[in-house]
Amino acid sequence: MWQALRTELHPQGVEVVTVALDSGGAEAAAPWIDAANPEHPSLIDAEHRLDAAVGVVNVPTGVWVDEDGVLVRPPEVAHPGTSVLRDMIAKHGIPSDGPEILRDQIIAASKIRVDPEAYGAALRDWAEKGAASPYALSPEEVVERSRPVPVEVSEAAAHFELGVALHADGELEAARRHFRVAHQLDPDNWTYKRQAWSFEDPFQGPTEHYDSDWLSEIAARGHDTYYPLPEL
Amino acid sequence: MLLRGTDTVDPAELLAQTGWELKPEGLCKADRCVPTGGAPLSAELLAEKLGMGLVTDPDHGLTALGPESGGRALIDAKLPDLELPDRHGRPFSLRSLRGTRFVMVAWASW
Numbered sequence: 005m006w007q008a009l010r011t012e013l014h015p016q017g018v019e020v021v022t023v024a025l026d027s028g029g030a031e032a033a034a035p036w037i038d039a040a041n042p043e044h045p046s047l048i049d050a051e052h053r054l055d056a057a058v059g060v061v062n063v064p065t066g067v068w069v070d071e072d073g074v075l076v077r078p079p080e081v082a083h084p085g086t087s088v089l090r091d092m093i094a095k096h097g098i099p100s101d102g103p104e105i106l107r108d109q110i111i112a113a114s115k116i117r118v119d120p121e122a123y124g125a126a127l128r129d130w131a132e133k134g135a136a137s138p139y140a141l142s143p144e145e146v147v148e149r150s151r152p153v154p155v156e157v158s159e160a161a162a163h164f165e166l167g168v169a170l171h172a173d174g175e176l177e178a179a180r181r182h183f184r185v186a187h188q189l190d191p192d193n194w195t196y197k198r199q200a201w202s203f204e205d206p207f208q209g210p211t212e213h214y215d216s217d218w219l220s221e222i223a224a225r226g227h228d229t230y231y232p233l234p235e236l
Numbered sequence: 009m010l011l012r013g014t015d016t017v018d019p020a021e022l023l024a025q026t027g028w029e030l031k032p033e034g035l036c037k038a039d040r041c042v043p044t045g046g047a048p049l050s051a052e053l054l055a056e057k058l059g060m061g062l063v064t065d066p067d068h069g070l071t072a073l074g075p076e077s078g079g080r081a082l083i084d085a086k087l088p089d090l091e092l093p094d095r096h097g098r099p100f101s102l103r104s105l106r107g108t109r110f111v112m113v114a115w116a117s118w
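So the sequences go chain by chain: A and B.
In terms of the numbering used here, the first sequence has 53 at position 49, counting the first letter as 1, and numbering is strictly consecutive.
In terms of the numbering used here, the second sequence has 23 at position 15, counting the first letter as 1, and numbering is strictly consecutive.
Source of the hints: derived by calculation from the structure; they are not laboratory data.
Watch out, some of these pointers could steer you wrong.
Here are the computed lysine to aspartate or glutamate pairs in the DMTMM-like style, where the Cα-Cα straight-line distance is at most 25 angstroms [said to hold, decoys possible]: (1) K86(B) x E19(A); (2) K57(B) x D108(A); (3) K86(B) x D129(A); (4) K95(A) x D108(A); (5) K37(B) x E71(A); (6) K86(B) x E145(A); (7) K115(A) x E19(A); (8) K37(B) x D173(A); (9) K37(B) x D70(A); (10) K86(B) x E144(A); (11) K86(B) x D215(A); (12) K86(B) x D108(A); (13) K86(B) x E132(A); (14) K37(B) x E235(A); (15) K37(B) x E144(A).
The shape of chain A in the complex, shown without the other chains:
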């Protein structure tokens, strides 16, 4: 879906770069990348380095970067002008077959507030007008809008990195211990949670290893907090 927007915006001088936050590496991300057949750089970030480097806490999250390598928008929820899930539900409805948890997740996901059209319109405006676009922010505003990092968030990043390394080494229980601490220290970071849950269950459902799961967490925290609407 980002490839379609890339085809539209590239003639105006805007490239797309996708980064898969996938601790399973190419094995996990490559089938999706191959299916998208992208013309743009499609990278893999097994350690979720973008989380610490710029303050990503969920996916999809986008940043806009100008010709000088300066961010003109901070990390924020990013859709390419449309929501695949919403379009799918509008076309086919909620699937009546398949695993029950998948249906429940689609119903929950459909309640999450998103505004992909507004984001797409802003992106197209920037593609057309560049620095003159009202959506291109000053460096000071970009920094100010980026995520505060108390020491707990930094320690969570360290625990998560240890968890990823230990999981890759096959030390699964040790990895889980670090993932659990990362979740406690930085409860707003969904990528830490969803990555760890997905190692146990592709549907990120309840398991004996974690005290929460995607559906429970959405229900507990509220559908409005999952994707904060970008302040456009």
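Add chain B to chain A, keeping to what the hints say.
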């Protein structure tokens, strides 16, 4: 950043992973420099001087440092010079896009 079997930090690795550079005046990133008093570069020093979260796993000989804390995720608006692999394992430097506007989108297969 991850350290295996050591708490000594390689300055080149520190720069590549975090953007912090060891200079004569101290540890520097963007327009900020933190004096180190010439102390050897170690995980403990980075935790003390930059507030990097320091976590050790002695059973597995691993140490990890989180990003600098006490401020915001972005110390300035410059995109960090990250290098990440593509699906074939070929490294790609975000710096190579200098001169081009781009939107960078984090996603996941999970």
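Exercise. Straight-line Cα separation of K86(B) and D108(A) no greater than 25 angstroms?
Worked result: violated (41 angstroms)
Exercise. Given the proposed pairing of K37(B) with E144(A), does the C-alpha separation stay at or below 25 angstroms?
Worked result: Between K37(B) and E144(A) the Cα gap is close to 16 angstroms, so the pair holds against 25 angstroms.
For this session: Could you grab the alpha-carbon distance between K57(B) and D108(A) and see if it respects the 25 angstroms cut-off?
Result: The given pair, whose Cα atoms are some 47 angstroms apart, is violated under the 25 angstroms limit.
Exercise. Given the hinted pair K37(B) and E235(A), is their alpha-carbon gap at most 25 angstroms?
Worked result: violated (28 angstroms)
For this session: Starting from K86(B), check that the Cα of E19(A) is at most 25 angstroms away, please.
Result: holds (17 angstroms)
For this session: Please work out if K86(B) and E145(A) have their alpha carbons no farther apart than 25 angstroms.
Result: Given pair K86(B), E145(A) holds - Cα atoms ~13 angstroms apart, limit 25 angstroms.
Exercise. Can the restraint linking K95(A) and D108(A) be considered satisfied, given a maximum Cα separation of 25 angstroms?
Worked result: holds (18 angstroms)
For this session: Could you grab the alpha-carbon distance between K37(B) and D70(A) and see if it respects the 25 angstroms cut-off?
Result: Distance of about 20 angstroms is within 25 angstroms: holds.
Exercise. Would the pair K37(B) and E71(A) pass a check requiring their Cα atoms to be no farther apart than 25 angstroms?
Worked result: Judged against 25 angstroms, a Cα distance of about 21 angstroms means the pair holds.
For this session: Take a quick look at whether K37(B) and D173(A) sit within 25 angstroms of each other, Cα to Cα.
Result: With Cα atoms ~32 angstroms apart, K37(B) and D173(A) exceed 25 angstroms; violated.
Exercise. Does D129(A) lie within 25 angstroms of K86(B) when you go C-alpha to C-alpha?
Worked result: holds (22 angstroms)
Exercise. Can the restraint linking K86(B) and E132(A) be considered satisfied, given a maximum Cα separation of 25 angstroms?
Worked result: holds (22 angstroms)
When the structure is compared with the earlier hints, violations turn up for hints 2, 7, 8, 11, 12, 14 and for no others.
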